[in-house]
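Participant: Chains as they are written, first to last, in our numbering: chain F, 17 to 172; chain R, 17 to 172.
None of these hints come from the bench; they were simulated from the model. Heads up, a few of these hints could be off.
In this list, chains with the same sequence are indistinguishable; a pair is considered to hold if it fits within one copy or across any two.
[As the list claims (entries may be wrong)] Restricting the straight-line Cα-Cα distance to at most 25 Å, the calculated cross-link-like pairs of lysine to any residue (SDA-like) are:
{"#": "1", "residue 1": "Lys53", "residue 2": "Ser143"}
{"#": "2", "residue 1": "Lys53", "residue 2": "Thr75"}
{"#": "3", "residue 1": "Lys53", "residue 2": "Ala90"}
{"#": "4", "residue 1": "Lys53", "residue 2": "Gly77"}
2 protein chains.
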Amino acid sequence: MTNPTTITAEPGLPFVDIVREFDAPAEAVFRAHTDPKLFARWVGPRNYTTEIIEYEATTGGRWQYVSRGQGDEAYGFRGVFHTVEPNTRIIQTFEFDGAPGFVSLGTLTLEEVDGRTRLAIHEVYPSVEARDAAVASGMEYGIKEGYERLDELLAR
Amino acid sequence: MTNPTTITAEPGLPFVDIVREFDAPAEAVFRAHTDPKLFARWVGPRNYTTEIIEYEATTGGRWQYVSRGQGDEAYGFRGVFHTVEPNTRIIQTFEFDGAPGFVSLGTLTLEEVDGRTRLAIHEVYPSVEARDAAVASGMEYGIKEGYERLDELLAR
Numbered sequence: 017m018t019n020p021t022t023i024t025a026e027p028g029l030p031f032v033d034i035v036r037e038f039d040a041p042a043e044a045v046f047r048a049h050t051d052p053k054l055f056a057r058w059v060g061p062r063n064y065t066t067e068i069i070e071y072e073a074t075t076g077g078r079w080q081y082v083s084r085g086q087g088d089e090a091y092g093f094r095g096v097f098h099t100v101e102p103n104t105r106i107i108q109t110f111e112f113d114g115a116p117g118f119v120s121l122g123t124l125t126l127e128e129v130d131g132r133t134r135l136a137i138h139e140v141y142p143s144v145e146a147r148d149a150a151v152a153s154g155m156e157y158g159i160k161e162g163y164e165r166l167d168e169l170l171a172r
Numbered sequence: 017m018t019n020p021t022t023i024t025a026e027p028g029l030p031f032v033d034i035v036r037e038f039d040a041p042a043e044a045v046f047r048a049h050t051d052p053k054l055f056a057r058w059v060g061p062r063n064y065t066t067e068i069i070e071y072e073a074t075t076g077g078r079w080q081y082v083s084r085g086q087g088d089e090a091y092g093f094r095g096v097f098h099t100v101e102p103n104t105r106i107i108q109t110f111e112f113d114g115a116p117g118f119v120s121l122g123t124l125t126l127e128e129v130d131g132r133t134r135l136a137i138h139e140v141y142p143s144v145e146a147r148d149a150a151v152a153s154g155m156e157y158g159i160k161e162g163y164e165r166l167d168e169l170l171a172r
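Please construct the entire structure, taking both the sequences and the accompanying hints into account.
Facilitator: Below, the structure written as structure tokens:
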């Protein structure tokens, strides 16, 4: 039994909100988002591998990775970290090379209660249409399966 | 006679759109946004001085400045550059220290026609309320007077 992932995309607004609980302390969830070796082990769907190009998860740092599926399938992502506050908050930009110029901004917050951690991400897109296109691209599948992989990593 | 500055904030959406023409080539307008010495000479209202803390206007670079008015009045701003494409586009985050954690993302585009340049900025805020608060804070006055100062700098 995994914890549910809630993804909300209210019509007419350019936001996506993601909420997920993890049976682990905030420090461990934070580390899995900021240590590039750990991050590469869980992000995205199971049948993809993640190649980190750069990943400096500190305020003002840059990140870039390529997600590779079967055959020649490869998707590139990059951005910058506006804010990285240990164990509590990460604010970063996000651009998919399949939609160049359409940059979103995400604020991730972690709250620990009794050793469990509630992760919440609030994403803003440059337009409602860009948000709708991101949702339609299958982001939900990758997010949910990624978090299942993160559960497994945190349980080790 | 200065060119008009159009600032649009449609109700119910978290965007601000700014459009302004300059009687100068795109290269000069771009330089005034990316060279910290030039930028400090025009940004903000006339009765403020701008102290640059850091300003690396390249993809992945950081920026931070303090705007000082009369007496002890001081406002801090900081962010990161997601994309800097010479003479055409700057995508950057923006945070005012009076509203910590409320980060906006702006895309500035420059289009040159017959030696004049049309500047357009599309800003997205984390909520409609945060956008409304930014507009209510008097951003319009600072933007318009700043662009008049930029006109004067470009005319030299």
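Participant: Confirm or reject each hint.
Facilitator: Hints, one by one, checked against the model:
no., hint, in the structure
1, Lys53 x Ser143, "neither (33 Å within a copy, 33 Å between copies)"
2, Lys53 x Thr75, "both (19 Å within a copy, 24 Å between copies)"
3, Lys53 x Ala90, "within (19 Å within a copy, 41 Å between copies)"
4, Lys53 x Gly77, "both (16 Å within a copy, 24 Å between copies)"
Of the hints listed earlier, the one the structure fails to meet is number 1.
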